[in-house]
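Asks: Single-letter residue listing:
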Amino acid sequence: MFDALHTASSGLTVHRTWLEAVSDNVANINTVRPPDEPAFQERFVVAEALPSESEGGAGGVRVAGVLFGDPEGRRAYDPTHPLADENGDIRMPDVDLGDQMVSMIVAQRGYQANLATVERARNAYEAALQIGR
Amino acid sequence: MAIGGIGAVAGMAGLSNLAGTGRPPGIPSVTELGAPGAGVGAGGVTFGDKLLQGLQQVEDLQTQADGMAVKAATGDVKDVHDLMVKSTEATLALDLTVAVRNKALEAFHEIMRMQI
Numbered sequence: 001m002f003d004a005l006h007t008a009s010s011g012l013t014v015h016r017t018w019l020e021a022v023s024d025n026v027a028n029i030n031t032v033r034p035p036d037e038p039a040f041q042e043r044f045v046v047a048e049a050l051p052s053e054s055e056g057g058a059g060g061v062r063v064a065g066v067l068f069g070d071p072e073g074r075r076a077y078d079p080t081h082p083l084a085d086e087n088g089d090i091r092m093p094d095v096d097l098g099d100q101m102v103s104m105i106v107a108q109r110g111y112q113a114n115l116a117t118v119e120r121a122r123n124a125y126e127a128a129l130q131i132g133r
Numbered sequence: 001m002a003i004g005g006i007g008a009v010a011g012m013a014g015l016s017n018l019a020g021t022g023r024p025p026g027i028p029s030v031t032e033l034g035a036p037g038a039g040v041g042a043g044g045v046t047f048g049d050k051l052l053q054g055l056q057q058v059e060d061l062q063t064q065a066d067g068m069a070v071k072a073a074t075g076d077v078k079d080v081h082d083l084m085v086k087s088t089e090a091t092l093a094l095d096l097t098v099a100v101r102n103k104a105l106e107a108f109h110e111i112m113r114m115q116i
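These protein sequence lines are chains A and Y, in that order.
One point on numbering: in my numbering, the residue at position 91 of the first sequence is 91, and numbering is uninterrupted.
One point on numbering: in my numbering, the residue at position 88 of the second sequence is 88, and numbering is uninterrupted.
In short, the hints are calculated from the structure, not lab data.
Heads up, some of the hints might be wrong.
Stated by the list, open to error - Rough simulated footprint, nothing fancy, chain Y against chain A, three-plus residues with beta-carbon under 8 Å: (1) 9-16; (2) 113-125.
What the hints assert, rightly or not - Not the full set, but computed from the structure, chain Y residues with beta-carbon under 10 Å of chain A: (3) LEU61; (4) LYS78; (5) VAL80; (6) GLU89.
Here a beta-carbon is modelled for each residue, glycine too, at the ideal position from N, C-alpha and C.
All chains, please: the whole structure from these sequences, using the hints.
Replies: Next up, the structure:
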């Protein structure tokens, strides 16, 4: 009955998942691994559009899956680190903080845009209920 | 002669029907219209059925919203916005049902006020 609210809610879920993935990446930005293990892989959320009402679906968006970044990571030289191998190398994650900050802003703005949709749709439905009163 | 003329008039096509069944042609009988209370929807869906459907939907939405409120209180909910959207939907559905009820009551009172 209130399809605009459902699709906006699905958008909120996807943007919330994206924000969580970004926060995961930022939290692990200094996670060190020894060179014989894969580095911390950056999480990418893949969003998939659901078929719209004209195509028989409900519309909206859903998280199709999570992709993982490069397991190679960045090689850094730190012989004092307890996880370093005999050459003094360690693996750092290949996560760019600038990229993650931009993604965070975009995810937050997307979340706010969907919230605005929810609010406007609710006002529209309530105004419809005032007809003839 | 005048009596014969009237008989000739009664012999005309439309009036002979009138003489036979007492109803002008082209107007269906009461039994053909269906029993009182039958709606105009396809398949015989009445206004009462629609109202019951609406009430059922309101109850479902309220139950969902209550379930989500319990999960939020126990810390089980992952999407806070989901709970708020579900409660908004439940409120809207309830408002819609109340508005429909008010309209139906208004129509009923309007009819009851009619002078015979």
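Asks: So which of those numbered hints doesn't the model satisfy?
Replies: none
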